[in-house]
Amino acid sequence: MNARHAEAAARFIQNKAQEEWHNETLFLVREKRDRQAASLPEWEQLRQLASQIKMHTITHLDNYLEQFADRAEANGAIVHWAKDAHEHNEIIYALLRERQVEKLVKSKSMLTEECRLNPYLISKGIEVVESDLGERILQLMNKPPSHIVMPAIHLKRQEVGKLFEEKLQTEKGNSDPAYLAHAARLHLRNEFLTAGAALTGANFGVAATGDVVVCTNEGNADMGASFPKLHIVSMGIEKVTPDYKTLSVFIRLLARSATGQPATAYTSHYRKPRKGCEMHIVLVDNGRSDIIGHADHIQTLKCIRCAACMNTCPVYRRSGGYSYTCFIPGPIGVNLGMLKSPGEYSGNVSACSLCYSCNNVCPAKIDLADQIYKWRQQLDSLGKADRTKKLLSGGLRYLFARPALYNTALRLAPIINKTPRFLIYNNLNAWGKGRELPVFAKESFAHMWKKGKIKQHP
Amino acid sequence: MAYSKFGLFVPCYVNALYPEAGVATWRLLEYLGAGAEYPAGQTCCGQPMANAGFEREAEPLLRQFDRLFALYDFIITPSASCAAFVKEHLDGMNGRLYEICEYLHDVAKVETLPGKFPHKVSIHNSCHGVRKLHLSSASEQMEPRYSKLKKLLSMVEGIEVAEPACVDECCGFGGMFSIEEPAVSVCMGQDKLKNHLATGAEYITGADSSCLMHLQGIARREKMPARFIHISQILAAGL
Ligand code: SF4
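Residue numbers (our numbering), protein chains in the order written: chain P, 81 to 538; chain F, 978 to 1216.
By construction, these hints were calculated from the structure, which means they are not laboratory data.
Fair warning: there could be bad hints in the mix.
The calculated lysine-lysine pairs, modelled on BS3-like cross-linking and capped at a C-alpha distance of 30 Å, are [claimed, not checked]:
no., chain 1, residue 1, chain 2, residue 2
1, P, Lys96, F, Lys1064
2, F, Lys982, P, Lys535
3, P, Lys522, F, Lys1093
4, P, Lys445, F, Lys1200
5, F, Lys1086, P, Lys522
6, F, Lys1127, P, Lys112
7, F, Lys1125, P, Lys112
8, P, Lys112, F, Lys1171
9, P, Lys513, F, Lys1128
10, F, Lys1086, F, Lys1109
11, F, Lys1109, P, Lys470
12, P, Lys535, F, Lys1125
13, P, Lys420, P, Lys454
14, F, Lys1097, P, Lys522
15, F, Lys1109, P, Lys464
16, P, Lys445, P, Lys464
17, F, Lys1127, P, Lys445
18, F, Lys1086, P, Lys533
19, P, Lys533, F, Lys1109
20, P, Lys454, F, Lys1097
21, F, Lys1109, F, Lys982
22, F, Lys1109, P, Lys454
23, F, Lys982, P, Lys445
24, P, Lys204, P, Lys309
25, F, Lys1125, F, Lys1109
26, P, Lys531, F, Lys982
27, P, Lys112, F, Lys982
28, F, Lys1128, F, Lys1109
29, P, Lys163, P, Lys470
30, F, Lys1086, P, Lys535
31, P, Lys513, F, Lys1171
32, F, Lys1200, P, Lys96
33, P, Lys533, P, Lys454
34, F, Lys1064, P, Lys236
35, F, Lys1064, P, Lys470
36, F, Lys1128, P, Lys535
37, P, Lys445, P, Lys325
38, F, Lys1200, P, Lys530
39, F, Lys1097, P, Lys464
Note that the structure is predicted; figures quoted are calculated from it, not measured.
Produce the complete structure using the sequences and hints provided.
And the structure:
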């Protein structure tokens, strides 16, 4: 499937009230981010440092990964290496099966989305419970996240209220956020107590100490890691960072960039299994090491998944996460999709007006817009270029490369100003959807110049 | 300083749709004593094709540009995004090719302008003007706030200068983005217009006529009371 973002976006915008609300809500997050960033005089230096640390780490990944794995094992954790999504899923299923675990409680992890872990485990008969509130809501609706930090941001509380009435037997018509959150907490508490294993993602892995660091606002990762006997960490290999000093740079950037908080409510370090329990870390490649060799796109590996690029993206805010076909939407998602499978995800490449705002907010200084520009240059050779754009680009070049022809065409152009409306504003004319055509000047600049009308000016 | 030769670059759509911006730019240079020539045969720099993913269609146009302006010490243009594109794609343009406001502010360092414009205007901070040419500070970036456009406009007598909410958010033009993603593009433009009009300004002005063209198209379709003028025309008022 290679659905076009433009079409899905148009459908999202049809519900104008929802679009406006989505746009405004996320821009508020962007503004909170701005205020937090402005409160640190060293903000731009931190971004620069973050970028350099990530580049250094990615280009010395073998060293740091080995160090991380050695330390983690010395601490008592068990480290597994998964070359792709399938291996990741198999490793986790084997861990669960060997221990006869029937229920797995999860905290937020985009990597498990990437690997499609949930459907895999469910197909094997394991019950999977998401414990992040937003993720749980979506799981009850059987929907994927539409945002990587605020997965259910597209839903209004009334929709959540309705869902909980049905699934958690809450009061009819009560969509008070505090009430709903409390209901979810009671429901989840029971899941934590009865789950045989917990899975968390990892925001960072510290090579010097073997710590797995998870940042959450709900404390659900800690609940998971504290009850069941088995704790599984699912971690992308690019998440490793050399030491605490480098970690501190990211910690200062992450929550400020993500939600405009100075820090997440919980920054948890998991170093070793609890007494009598097990901790397993699954390190996943799934295409990441290939990206290292990709000079134009290596920078995507610097991503700390803060979603600032989504919150600022004027296209994302007005089209919603589901208008993108990649499991990660927004500017970083456009790029990650193309790295994964251009054939499948090229329909997202149009979702960018090249405003470059994402480049400026990204805490790791990823050149997101430049990369989208580069992907566009490749679409034609992939046979995925938009036909209208291709025709226009070729036609315009033909005209522009022939100044005499161009000037003649321009002299005739004012005729368009007088063309009957129905000839101009039809379905073939995408410009005419919502816009009037510009009016050609009576005389072009070139013509005026040639006639000496400009220099004549007193 | 030795005598410098000034070439005026009037991008394709300015030439055809907004020649008055070219004229105003020429007059501003004339006012500064920099009589500019307009090399005949210029058309388009190739930006629309390249941003759409057809750099190879842009290449002959960039070469054409390079040839036409080879003998000029300064190349001045009333379009921020074209200036940014050519600078990024042709060698030897830094310190030579300037958007007109950039030139007035950074190189000519004008302190006064002779004209009057007794109106309230809302500045359209275009993406490439802000984030590539740095005509003003970008709202995302934590740096001291500045705006070269504001500074220049405030030299004009009688003017009142405002800026919209979401001060440098994209208007949704984006070249061929506007026809490949028409729904989002128009939606962005409507929001931008609303923010501009909420300032109570009589005119919307900026360094990129392309953004203004897109906004004007929406304003006319929706019969919104918006007027548009390229910044060079305000700065050249009275010249
Ligand atoms: S690309 Fe940058 S801004 Fe976007 S999610 Fe990743 S780190 Fe955050």
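Restraint check for Lys1086/F with Lys522/P, where alpha carbons must lie at most 30 Å apart: Violated: Lys1086/F and Lys522/P sit about 34 Å apart, past 30 Å.
Straight-line alpha-carbon gap Lys533/P to Lys1109/F, limit 30 Å: violated (34 Å)
Hint consistency between Lys1109/F and Lys470/P [alpha-carbon to alpha-carbon, up to 30 Å]: Given pair Lys1109/F, Lys470/P holds - Cα atoms ~26 Å apart, limit 30 Å.
Given hint Lys535/P paired with Lys1086/F - CA-CA distance at most 30 Å: The hint holds at about 24 Å.
Hint consistency between Lys204/P and Lys309/P [alpha-carbon to alpha-carbon, up to 30 Å]: Holds, because 21 Å separates the two Cα atoms, which is no more than 30 Å.
Satisfaction of hint between Lys454/P and Lys420/P, Cα-Cα up to 30 Å: Holds, because 15 Å separates the two Cα atoms, which is no more than 30 Å.
30 Å Cα cutoff - pair Lys1064/F, Lys236/P: Violated. Lys1064/F to Lys236/P sits at ~46 Å, over the 30 Å cutoff.
Distance restraint between Lys96/P and Lys1064/F, which requires alpha-carbon spacing of 30 Å or less: Roughly 39 Å between the alpha carbons, so the hint for Lys96/P and Lys1064/F is violated.
Pair hint outcome, Lys513/P versus Lys1171/F [Cα-Cα no greater than 30 Å]: Answer holds: Lys513/P to Lys1171/F is near 18 Å, not above 30 Å.
Pair hint Lys1109/F and Lys464/P, alpha-carbon separation not exceeding 30 Å: Within the cut-off at roughly 28 Å; holds.
30 Å Cα cutoff - pair Lys1086/F, Lys533/P: holds (29 Å)
Given pair status - Lys445/P, Lys982/F, alpha carbons within 30 Å: With Cα atoms ~39 Å apart, Lys982/F and Lys445/P exceed 30 Å; violated.
Comparing the model with each numbered hint stated earlier shows that hints 1, 4, 5, 9, 19, 20, 23, 27, 29, 33, 34, 38 and 39 do not hold.
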